[in-house]
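So the protein sequences, as listed, match chains A and B. All residue numbers for the first sequence refer to the numbering used here, where the first residue is 1 and numbers rise by one. All residue numbers for the second sequence refer to the numbering used here, where the first residue is 1 and numbers rise by one.
Check the hints yourself; a few may be wrong.
As the list claims (entries may be wrong) - For each label pair, taking beta carbons as the anchor points, the in silico distance ranges come out as: (1) B:Arg207 x A:Ser167: 30 to 38 Å; (2) B:Gly45 x A:Asp73: 48 to 56 Å; (3) B:Leu125 x A:Gln16: 26 to 34 Å; (4) A:Asp156 x B:His208: 31 to 39 Å; (5) B:Thr149 x A:Ser113: 29 to 37 Å; (6) A:Gly21 x B:Gly45: 20 to 28 Å; (7) B:Leu49 x A:Lys134: 40 to 48 Å; (8) B:Ile11 x A:Lys134: 45 to 53 Å; (9) A:Glu239 x B:His208: 53 to 61 Å; (10) B:Leu41 x A:Pro37: 35 to 43 Å.
Claimed, not checked - A few chain A residues facing chain B, derived, Cβ under 8 Å: (11) Val10; (12) Phe13; (13) Lys15; (14) Asn50; (15) Leu52; (16) Thr56; (17) Gln79; (18) Phe83; (19) Ala89; (20) Arg92; (21) Lys106; (22) His121; (23) Tyr135; (24) Ile139; (25) Met155.
Hints in this document: simulated from the structure, not taken from any laboratory. From the three backbone atoms N, C-alpha and C, an ideal C-beta is built for every residue, glycine too.
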Amino acid sequence: MALIEINNLVKVFDKQTVLAGVNLSLVEGDVKVVMGPSGCGKSTLLRCLNRLIEPTSGTIIFRGEDITKPEVDVRALRQSIGFVFQQFALYRHLTVLENVTLALRKIRGMSRSEAKEKALHELSRLDMAIHCDKYPSQISGGQKQRVALARALAMDPAVVVFDEPTSALDPIMSREVAMLIKNLHRDNVTIMCVTHDLLLGRYLSERVAFLDHGIIKAEDTFENLCNNHSDPQIRSFFEREASTS
Amino acid sequence: MSFLDIVLQLIQGVNYTVLVTLTCSATGLVVGLIVVGLRRLSFPGLRFLLDSFTYIFRAIPVLVLLFMVYFGLPMSGLKVPPLLAMALSLGLIAGAYIAEVFRGALDLVDASEIIAAQSMGMSRLQILISIEFPQMIRFAFPGMVNEFTTVLKYSPFAYTVGIPEITKQAMNLASTTMRGIEIYFAVGILYFVIYRIFLAGLQLLERHYRVPGLEPK
Numbered sequence: 001m002a003l004i005e006i007n008n009l010v011k012v013f014d015k016q017t018v019l020a021g022v023n024l025s026l027v028e029g030d031v032k033v034v035m036g037p038s039g040c041g042k043s044t045l046l047r048c049l050n051r052l053i054e055p056t057s058g059t060i061i062f063r064g065e066d067i068t069k070p071e072v073d074v075r076a077l078r079q080s081i082g083f084v085f086q087q088f089a090l091y092r093h094l095t096v097l098e099n100v101t102l103a104l105r106k107i108r109g110m111s112r113s114e115a116k117e118k119a120l121h122e123l124s125r126l127d128m129a130i131h132c133d134k135y136p137s138q139i140s141g142g143q144k145q146r147v148a149l150a151r152a153l154a155m156d157p158a159v160v161v162f163d164e165p166t167s168a169l170d171p172i173m174s175r176e177v178a179m180l181i182k183n184l185h186r187d188n189v190t191i192m193c194v195t196h197d198l199l200l201g202r203y204l205s206e207r208v209a210f211l212d213h214g215i216i217k218a219e220d221t222f223e224n225l226c227n228n229h230s231d232p233q234i235r236s237f238f239e240r241e242a243s244t245s
Numbered sequence: 001m002s003f004l005d006i007v008l009q010l011i012q013g014v015n016y017t018v019l020v021t022l023t024c025s026a027t028g029l030v031v032g033l034i035v036v037g038l039r040r041l042s043f044p045g046l047r048f049l050l051d052s053f054t055y056i057f058r059a060i061p062v063l064v065l066l067f068m069v070y071f072g073l074p075m076s077g078l079k080v081p082p083l084l085a086m087a088l089s090l091g092l093i094a095g096a097y098i099a100e101v102f103r104g105a106l107d108l109v110d111a112s113e114i115i116a117a118q119s120m121g122m123s124r125l126q127i128l129i130s131i132e133f134p135q136m137i138r139f140a141f142p143g144m145v146n147e148f149t150t151v152l153k154y155s156p157f158a159y160t161v162g163i164p165e166i167t168k169q170a171m172n173l174a175s176t177t178m179r180g181i182e183i184y185f186a187v188g189i190l191y192f193v194i195y196r197i198f199l200a201g202l203q204l205l206e207r208h209y210r211v212p213g214l215e216p217k
């Protein structure tokens with residue numbers, strides 16, 4: 001049974017249709033990579049998952065429950081979906097450790113010592129415990145992304161969602177983050193990743209969903225999408241991305 | 001009477017000057033936080049009232065509002081003690097200015113951090129208290145110091161409602177000694193010393209809470 005099942009999801013902003021009927025599913029323990037050109041609706045799709053953006057119509061079944069219903073406890077839902085953002089979005093006034101403990105204390109109601117223990121566990125897992133007293137401005141982009149990931153993982157989410165996790169990083173750091181996400185998958189963490197980065201996409205999963213003009217136009221292996229797909233636009237997207245990667 | 005004797009006499013009013021300044025600054029700080037916080041939480045219908053408050057209170061002269069509170073309210077049966085009258089006039093006006101300083105500083109908080117906190121499941125109030133306010137106060141520090149300095153400079157109005165602060169002491173002394181120039185020169189020195197001590201205290205606080213990468217520009 002799918003952990004997340006998106007059915008005919010539509011989002012319209014001021015007469016502009018950003019999502020035009022997305023269908024997608026994600027099985028527990030699996031990795032789903034979604035690629036597509038800029039402005040195709042990737043980020044909107046992710047934000048609909050945790051209701052940061054309210055879908056216009058369609059359903060999102062998460063753990064068997066339609067989370068688009070108005071009576072859904074949105075804050076509880078958000079705690080089950082870990083988010084890692086393109087620009088890291090670390091809290092600049094807090095240390096690395098405090099970035100991870102904040103939600104544990106405020107939302108989970110953990111004591112300072114409990115939250116610290118949990119946070120240090122997650123930071124150690126990502127080799128960041130040594131930097132726990134530093135502020136975001138004192139660590140590199142790759143390290144920031146690790147902290148953002150530790151912050152998401154500390155909440156024990158059912159799925160971790162990555163929104164262009166390597167787009168703000170140089171190639172070496174991108175590879176480092178790709179390995180990190182792959183390791184998470186090996187640890188049986190369910191992952192959804194939207195990216196432009198073909199190397200990252202290929203590294204994470206054999207199959208990729210291609211989102212364009214608000215719909216999933218194809219879902220197949222990279223090889224098939226790049227070489228054998230009937231739609232020349234899809235072939236050219238993957239060829240172009242492959243040549244720029 | 002030597003210049004030192006004049007200073008020593010005036011020092012009797014320093015406690016009151018400091019008390020008025022601290023009371024009005026604290027009132028301004030709390031009012032500023034409440035105004036900007038309620039505005040940020042976007043309670044329906046409240047925005048107009050909050051904007052009206054900052055608009056009107058920044059336009060009213062301190063002395064006029066002080067007289068309205070201290071001499072006006074007793075006419076409707078509400079007697080206000082002098083220090084409270086200062087808080088309700090100078091303090092509220094400072095609050096209106098500080099709210100505007102905060103409003104500008106709040107815009108410097110990165111929207112992505114707020115979205116990240118929402119994604120974690122934090123409530124709007126939790127985000128305001130744990131993420132927006134701590135950053136906002138750091139960004140607003142220079143503006144806040146400016147406003148607290150203005151409060152200190154307006155504190156002599158307290159003499160009009162009978163608080164025996166430095167200026168009141170100076171007026172009494174000048175009327176009996178007729179050495180106005182020396183006395184008011186000494187008053188100026190005392191205000192400067194108080195200002196420097198306040199500033200040093202605030203700078204210590206700022207240094208203590210300074211975060212790399214988040215220094216006010």
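**Item:** Hints that the structure is at odds with (numbers, increasing)
**Value:** Of the numbered hints given earlier, those the structure breaks are 2, 5, 6, 11, 12, 13, 16, 22, 24, listed in rising order.
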